[in-house]
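A.B. asks: Each chain, letter by letter, is given below.
There are 2 protein chains.
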Amino acid sequence: MATGRTHRPATRSRGIPEATVARLPLYLRALTALSERSVPTVSSEELAAAAGVNSAKLRKDFSYLGSYGTRGVGYDVEYLVYQISRELGLTQDWPVVIVGIGNLGAALAGYGGFASRGFRVAALIDADPAMTGKPVAGIPVQHSDDLEKIIEEDGVSIGVIATPAGVAQQVCDRLVAAGVTSILNFAPTVLSVPDGVDVRKVDLSIELQILAFHEQRKAGEESNAEADAAVDAETATAVAPPAPRGATGGSRKGPDGDVPAVMPA
Amino acid sequence: MATGRTHRPATRSRGIPEATVARLPLYLRALTALSERSVPTVSSEELAAAAGVNSAKLRKDFSYLGSYGTRGVGYDVEYLVYQISRELGLTQDWPVVIVGIGNLGAALAGYGGFASRGFRVAALIDADPAMTGKPVAGIPVQHSDDLEKIIEEDGVSIGVIATPAGVAQQVCDRLVAAGVTSILNFAPTVLSVPDGVDVRKVDLSIELQILAFHEQRKAGEESNAEADAAVDAETATAVAPPAPRGATGGSRKGPDGDVPAVMPA
DNA sequence: ATGTCTTTGTGAACGCGTGCACAAAGATGG
DNA sequence: CCATCTTTGTGCACGCGTTCACAAAGACAT
Numbered sequence: 060m061a062t063g064r065t066h067r068p069a070t071r072s073r074g075i076p077e078a079t080v081a082r083l084p085l086y087l088r089a090l091t092a093l094s095e096r097s098v099p100t101v102s103s104e105e106l107a108a109a110a111g112v113n114s115a116k117l118r119k120d121f122s123y124l125g126s127y128g129t130r131g132v133g134y135d136v137e138y139l140v141y142q143i144s145r146e147l148g149l150t151q152d153w154p155v156v157i158v159g160i161g162n163l164g165a166a167l168a169g170y171g172g173f174a175s176r177g178f179r180v181a182a183l184i185d186a187d188p189a190m191t192g193k194p195v196a197g198i199p200v201q202h203s204d205d206l207e208k209i210i211e212e213d214g215v216s217i218g219v220i221a222t223p224a225g226v227a228q229q230v231c232d233r234l235v236a237a238g239v240t241s242i243l244n245f246a247p248t249v250l251s252v253p254d255g256v257d258v259r260k261v262d263l264s265i266e267l268q269i270l271a272f273h274e275q276r277k278a279g280e281e282s283n284a285e286a287d288a289a290v291d292a293e294t295a296t297a298v299a300p301p302a303p304r305g306a307t308g309g310s311r312k313g314p315d316g317d318v319p320a321v322m323p324a
Numbered sequence: 060m061a062t063g064r065t066h067r068p069a070t071r072s073r074g075i076p077e078a079t080v081a082r083l084p085l086y087l088r089a090l091t092a093l094s095e096r097s098v099p100t101v102s103s104e105e106l107a108a109a110a111g112v113n114s115a116k117l118r119k120d121f122s123y124l125g126s127y128g129t130r131g132v133g134y135d136v137e138y139l140v141y142q143i144s145r146e147l148g149l150t151q152d153w154p155v156v157i158v159g160i161g162n163l164g165a166a167l168a169g170y171g172g173f174a175s176r177g178f179r180v181a182a183l184i185d186a187d188p189a190m191t192g193k194p195v196a197g198i199p200v201q202h203s204d205d206l207e208k209i210i211e212e213d214g215v216s217i218g219v220i221a222t223p224a225g226v227a228q229q230v231c232d233r234l235v236a237a238g239v240t241s242i243l244n245f246a247p248t249v250l251s252v253p254d255g256v257d258v259r260k261v262d263l264s265i266e267l268q269i270l271a272f273h274e275q276r277k278a279g280e281e282s283n284a285e286a287d288a289a290v291d292a293e294t295a296t297a298v299a300p301p302a303p304r305g306a307t308g309g310s311r312k313g314p315d316g317d318v319p320a321v322m323p324a
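So the sequences go chain by chain: A and B.
Letter by letter, the first sequence follows residues 60 to 324 in the working numbering.
Letter by letter, the second sequence follows residues 60 to 324 in the working numbering.
Heads up, a few of these hints could be off.
Chain copies aren't distinguished; within one or between two, either way the pair holds.
[As the list claims (entries may be wrong)] Calculated cross-link-like contacts (lysine to aspartate or glutamate; reagent style DMTMM-like; alpha-carbon spacing at most 20 Å):
hint, residue 1, residue 2
1, Lys-119, Glu-77
2, Lys-119, Asp-213
3, Lys-277, Asp-254
4, Lys-193, Asp-204
5, Lys-119, Glu-207
6, Lys-116, Glu-105
7, Lys-277, Asp-204
These are calculated hints, taken from the structure and not from any lab test.
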């Protein structure tokens, strides 16, 4: 999973647990594939395997939606596809705006997985005047001056932020002020939003760092002893590069950091 | 966060909980920003706010790494940056290959957040011969025939899959066979890998679907009564579009689905 | 030195999510 | 109509993660 999870207290959403909601799209994907192969029914076991989860978990997840299965048989594929789609709100049209048409924004604009799920790219917005009018993935880019107008006219409630981190918060603020209540954030920053607005974060760098952690684990199973020893006692103070205290000045070579210089936009 | 989480039983990694590991990059980001502003120390409260988490959680997270703070003062920024970097394995160089240089692959290749964290794009690989040799983000694309050779020569252990879903599993198999033990998967498919290999998934479509779910919640707070009633009794059978039973044939218009036709690559 | 004040580090309680294991439900065959 | 077999739906227990709340630790002033 990518990472995101800047949710409100989570919890109640008419009973359906967050963890279950997060898996519904997974089930839906597997079911859609079965549907295309005209498979009429599936058992929890088969579907669970296709979705990559435990079958008990799948059954419990479905139990939150209702009793849609038939004991001794399994689940009706078409029916489940509809029920899950409805539960996720995919039976209606969701206009989406993408702000920040750099490499990533352009990739998102051309992403096929949106249209097939009821999401419609209503507009592409960028702050660069040179981009205005230029078609990306068949959709002309509009200038960010018109952001509010676009949101309101199209009744957009979902916004995707693919701008550099430096301007993400202000873009976010404008989106929210204009009426957007759900945001998918690709910029590497923590966005603060008022209550009632959902933010999900996707951070490529974080995913890689998590992988690196496990990779390091796997690689140095024995060299760990050395590292651990260093941390153990206060000897760490003597061993580790930057002194635990002092060295206030910016001694570290300023790396490109990540606040700016991310995603050309 | 994106979504991914196709982990092994999770659990022990020398004590540090998965949830904590997933937050370390967040803290690191906030700390790096402070470091650039030459801030010498931070309290758990301040840092927590910058990272968007609870201060108690942050302190507990840090407690897994050791006692790096000073009571009454806070944490030494430079020292913490180093400790977290080391824990995440970012003090070493991680060569990464990106397979599938479509819109998304190209965006990833040009992503600034990689280099700044010790990740180095060692190679870009694509199956299209027309792409071979063409520079993307300054790096010449290589043909997938050479995949194994590239992995081995560069000692790559982390691979990024940005291909269409249809070929993701076979690309994954080849990567693993060649020695890759960590995979970041952007293709909308469940990848099966042998034990010892980590897979993290980022699925843009899933993130949007989760947002749509909450959005629907927010929008129809009263129209829910109507929907619930329909599901309640067996009347659902009479109301809902696809009949719970029968209708075996591929009546559904084959939508672009998601197995193929995703990410041009 | 001693007292006060700030902030960490953590014990303990709580809640959510997961997985087992089984009873209930229905299909199917005789 | 009854027996058997399959598969769902769920009660229950367990473990991880989160949060509270506070004692211990150190800085700082007097």
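A.B. asks: Now tell me, hint by hint, if it's right for this structure.
C.D. replies: Comparing the hints with the structure gives:
Taking CA atoms no more than 20 Å apart as the test, Lys-119 paired with Glu-77 passes inside one copy only; the shortest distance there is 13 Å, against 24 Å between copies. In this assembly of identical chains, the alpha carbons of Lys-119 and Asp-213 never lie at most 20 Å apart, being 38 Å within a copy and 45 Å across copies at closest. For the homomeric pair Lys-277 and Asp-254, the shortest alpha-carbon distance between copies (12 Å) is at most 20 Å, but the shortest distance inside one copy (41 Å) is not. For the identical chains of this complex, Lys-193 and Asp-204 are intra-copy neighbours only, at 16 Å inside a copy versus 36 Å across copies, given an alpha-carbon limit of 20 Å.
For the homomeric pair Lys-119 and Glu-207, neither the shortest alpha-carbon distance inside one copy (42 Å) nor that between copies (42 Å) is at most 20 Å. Taking the closest pair of Cα atoms, Lys-116 and Glu-105 come within 20 Å of each other only inside a single copy of the chain (13 Å); across copies the shortest separation is 39 Å, beyond that limit. Proximity of Lys-277 and Asp-204 under a CA criterion of 20 Å is satisfied in neither setting, with 50 Å inside one chain copy and 28 Å between copies.
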